[in-house]
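Chemist: Next come the chains, spelled out residue by residue.
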Amino acid sequence: MSHTFTLDGKTIPFEDGQTIIQAAIAAGVFIPHLCYHPDFKPHGSCKLCTVKVNGRHTASCTMRAMAGMVVESETAELNAERRALTQMLFVEGNHFCPSCEQSGNCQLQATAYHLGMMSPHYDHFFPNRAVDASHPDVLLDFNRCILCSLCVRASRDVDGKNVFGLSGRGIGTHLIVNAKSGQLADTDFSLSDKAAQVCPVGVILKKRRGFAVPIGERTYDKAPISETANGN
Amino acid sequence: MHAEAVAGIVDRVVSQYRRDPTCLLQILREVQEACDWIPPEAIDRMQLLLGVPRTKIEGVAGFYAFIYTEPRGKYRVLFSDNITDRMQGNRVLMERLCNSLWVERGKVSEDGLVSVGKTACTGMSDQGPGMLVNNYAISGLTAERIDEIAELIRSKVPLADWPPAFFKVEDNIRRADILLNADFKPGEALLAARARAPSDGLNSSNMRSWREGLPSGIGGPAATLDEIKRANLRGRGGAGFTTGLKWEACRNAPLKAGHQRIVVCNADEGEPGTFKDRVLLSKCPDLVFEGMTVAAYAIGATRGFVYLRGEYRYLLDHLNTVLSNRRRENLLGKDICGLPGADFDIEIHVGAGAYVCGEESALIESLEGKRGTPRNRPPFPVTNGYLDQPTIVNNVETFAAAALIALNGGEWYAGIGTKHSAGTKLLSVSGDCARPGIYEYPFGVSIRQVLEDCGATDTQAVQVSGPSGICVAADEFDRIIGFEDIPTAGAFTIFNQSRDMFEVARNYVHFFQHESCGFCTPCRVGTSLLKNLMDKLHKGAGSPYDFAEIEKLNTLLQSMSHCGLGHTACNPVLDTIAKFRPYYDKRMMQQDFTPAFDLDRALSAARQMTGRDDAGAHLATEHGGQS
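The listed protein sequences correspond, in order, to chains E and B. Under the numbering used here, the first residue of the first sequence is numbered 1, with each subsequent residue one higher. Under the numbering used here, the first residue of the second sequence is numbered 1001, with each subsequent residue one higher.
Rather than coming from a laboratory, the hints here were simulated on the basis of the structure. Just so you know, not all the hints are guaranteed correct.
Here are the simulated DSS-like pairs of lysine-lysine, each with C-alpha atoms no more than 30 angstroms apart in a straight line [as the list claims (entries may be wrong)]:
id, chain 1, residue 1, chain 2, residue 2
1, B, LYS1256, E, LYS41
2, E, LYS207, E, LYS41
3, B, LYS1156, B, LYS1168
4, E, LYS180, B, LYS1370
5, B, LYS1156, B, LYS1118
6, E, LYS52, B, LYS1531
7, B, LYS1370, E, LYS161
8, E, LYS41, E, LYS180
9, B, LYS1118, B, LYS1283
10, B, LYS1168, B, LYS1074
11, B, LYS1531, B, LYS1118
12, E, LYS41, B, LYS1370
13, E, LYS206, E, LYS41
14, E, LYS10, E, LYS41
15, E, LYS180, B, LYS1074
16, E, LYS161, E, LYS180
17, B, LYS1552, B, LYS1539
18, E, LYS180, B, LYS1107
19, E, LYS52, B, LYS1552
20, B, LYS1107, B, LYS1370
21, B, LYS1370, E, LYS194
22, E, LYS222, E, LYS206
A partial selection of chain E residues facing chain B, derived with a Cβ cut-off under 8 angstroms [stated by the list, open to error]:
id, residue
23, GLU81
24, LEU85
25, TYR122
26, PHE164
27, GLY165
28, ARG169
29, ILE171
30, ILE176
31, ASN178
32, LYS180
Even glycine gets a Cβ: it sits at the ideal position worked out from N, Cα and C.
Between the sequences and the hints, there should be enough to build the whole structure, so can you do that?
Modeler: Okay, structure coming up:
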């Protein structure tokens, strides 16, 4: 039997075991998110999908829906908080949209537009991160990593390879690859891996495909992220 | 060290841990004790023997501050950098050691012999300043001792041959009450718990309920749980959850096939300024272990862990000896106290420099050999804890109290303290006072009384329960310690009128930034932004704009963070802004916004390269670019 909860006043049906964001997406309601992906176990780290459940902040990708819940999402307060988190992600890494191959296909950029982010607001950290161009088919540009761990989950849970992992702690948390040399070329990573398809930003880039689709004709150039299939 | 030698060490350690990947952190820690760091060849070997990917091993090693994947020297010196260590002059001592050894702070000496850095509070605030050398604690540092240490390092004297007096840690018990005065013989509490079975005829069902973890256990276990509830015991780790309810929830949690219930003692005492668990474990470990066994009896658990913070590594051998004695006395192991089926044992896992592992779900992750990231909750540990099994996690002091309750009854315990806060509380008193140390009081004691007893005069403020607690100003000294007023995990740090409360808050903000696990965006980035803003104010470049930014960040951290670390990271700032505003006003030297980017400071690399430091090599800046 299906039950319902309310999301910004709208009645949303859900099945037992569904999370708030799963039920919302199924009902055609967009909740901003970056580390959530319907194909993978929720991570709950980016916090963009935070909603208020009965007045309390909680991540909608990890919270199970329960009958009668009163959920707020599209409020000025929550969107301001989400905008601040997006700004944090921008200043933490090195995100230069005009020169980025992912511009127009990037969920971080699209989310920033969706939330009306006009500037990074905070002082940039300008971290010093090397790129890894060792692999014949793929370039890794760690400058843009937002630590969503989608590639980690895809490689581990779908590809069965564990090519990616997170190391370090706190602001020093960073993506690593499964090789003693630390180089992608020395792993069993391949372009056909699920992990090669899931990066929501511009870290995992296919070589020799740069700007194959011109700027202006890309996914989020055509329609905002909130109207693009499930935002994924 | 040759690759074969490294492989030999890894083989020994891994087999000692039964090739169990859930012991990865323990394996890394012990390999490092032998190799001084984790060389890439060690990871090769672990990968092979444990069957886990390199990304996982490097991910875990990279998370813990005390595990090194790059050489840090034969001698790894870390100065405790709590605010009390600062007040006791740790900075001067650190500089002295660095100068004496010709080593730059945070770096390894050119000959690869030694590194000198800093670390969060090592739990010696009552006898600081403190340091760790290869994770062994040294306290009461003086200039003379620093010089002796420098000489020992220069002469390459093995740590085991250093004067034992260096490693002497005092208990400093200043006021003892029911817990620290307990006239307790190992086994007594267990026998008392068993004796609560209505009649001998029920003994067999008691034991069956222990063995199978039957939720409807009758006799001794149920009666013991009742005593804990009657005692109105609440958790001593800070959150104050009702112990009886936690135990009952775990006992009632369904048990999957092959699963067992788990008892975990949280001895990851990381809150700066706290050291009472250190004293409990050194003075009365039997009481703590017995409390854990009582808990196992009450909930039907068969496996127990103590998660001991890495800074207390020096206690490990002693605690293992106590556990062996208890096994010999049949107080642990199989058929405890001669009762068939009463099986329970305890193993000790040692942490490696991660405050966040004091959070119970992060602690469980760490016990499983993973990065210490707090879990998404629900589900809670009582139903899905260690390796998905029903688990209770309680503080050291909670277990000690539970043993006394099993011994003397819940009613006796509930009669001590106040109506809402039963029993006693151990306070770790440090800072500006004549007699720092451990003070055990019945709940309800006023701040003023504690200050009087420890010989504190001219007190400006007390930080109760550490950075994540509350900063109490002089007009609040009649408030009391208790869940109904000021709850505390135990830290009681005193600041006299000469202390700058802004600098206190800044030290705490640095602490949270360093200890953020990095999992969620708001805490990972927010604590760094907060640190940068406090540093900007410190440098005299602050304006009312920055002040407003701090307050906005505080709100965001509280609402959006994943766990308690992020939620409380702004407490010291909020409290000191509310109560000690003039210290902040003094620093807002700029009326208008001033960029955090300091052009003159950015030129320092060029100055260093050219060897110039004259006036012409500096920009004239209003807020002193030479900070």
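Chemist: Work down the list of hints and note, for each, if the structure agrees.
Modeler: We went through each hint and held it up to the structure:
no., hint, verdict
1, B:LYS1256 to E:LYS41, "22 angstroms, holds"
2, E:LYS207 to E:LYS41, "29 angstroms, holds"
3, B:LYS1156 to B:LYS1168, "21 angstroms, holds"
4, E:LYS180 to B:LYS1370, "20 angstroms, holds"
5, B:LYS1156 to B:LYS1118, "21 angstroms, holds"
6, E:LYS52 to B:LYS1531, "28 angstroms, holds"
7, B:LYS1370 to E:LYS161, "18 angstroms, holds"
8, E:LYS41 to E:LYS180, "28 angstroms, holds"
9, B:LYS1118 to B:LYS1283, "28 angstroms, holds"
10, B:LYS1168 to B:LYS1074, "22 angstroms, holds"
11, B:LYS1531 to B:LYS1118, "17 angstroms, holds"
12, E:LYS41 to B:LYS1370, "18 angstroms, holds"
13, E:LYS206 to E:LYS41, "25 angstroms, holds"
14, E:LYS10 to E:LYS41, "26 angstroms, holds"
15, E:LYS180 to B:LYS1074, "24 angstroms, holds"
16, E:LYS161 to E:LYS180, "15 angstroms, holds"
17, B:LYS1552 to B:LYS1539, "21 angstroms, holds"
18, E:LYS180 to B:LYS1107, "24 angstroms, holds"
19, E:LYS52 to B:LYS1552, "19 angstroms, holds"
20, B:LYS1107 to B:LYS1370, "27 angstroms, holds"
21, B:LYS1370 to E:LYS194, "24 angstroms, holds"
22, E:LYS222 to E:LYS206, "22 angstroms, holds"
23, GLU81, "6 angstroms, holds"
24, LEU85, "5 angstroms, holds"
25, TYR122, "6 angstroms, holds"
26, PHE164, "7 angstroms, holds"
27, GLY165, "3 angstroms, holds"
28, ARG169, "5 angstroms, holds"
29, ILE171, "5 angstroms, holds"
30, ILE176, "6 angstroms, holds"
31, ASN178, "5 angstroms, holds"
32, LYS180, "6 angstroms, holds"
Checked against the numbered hints listed earlier, the structure breaks none of them; every hint is satisfied.
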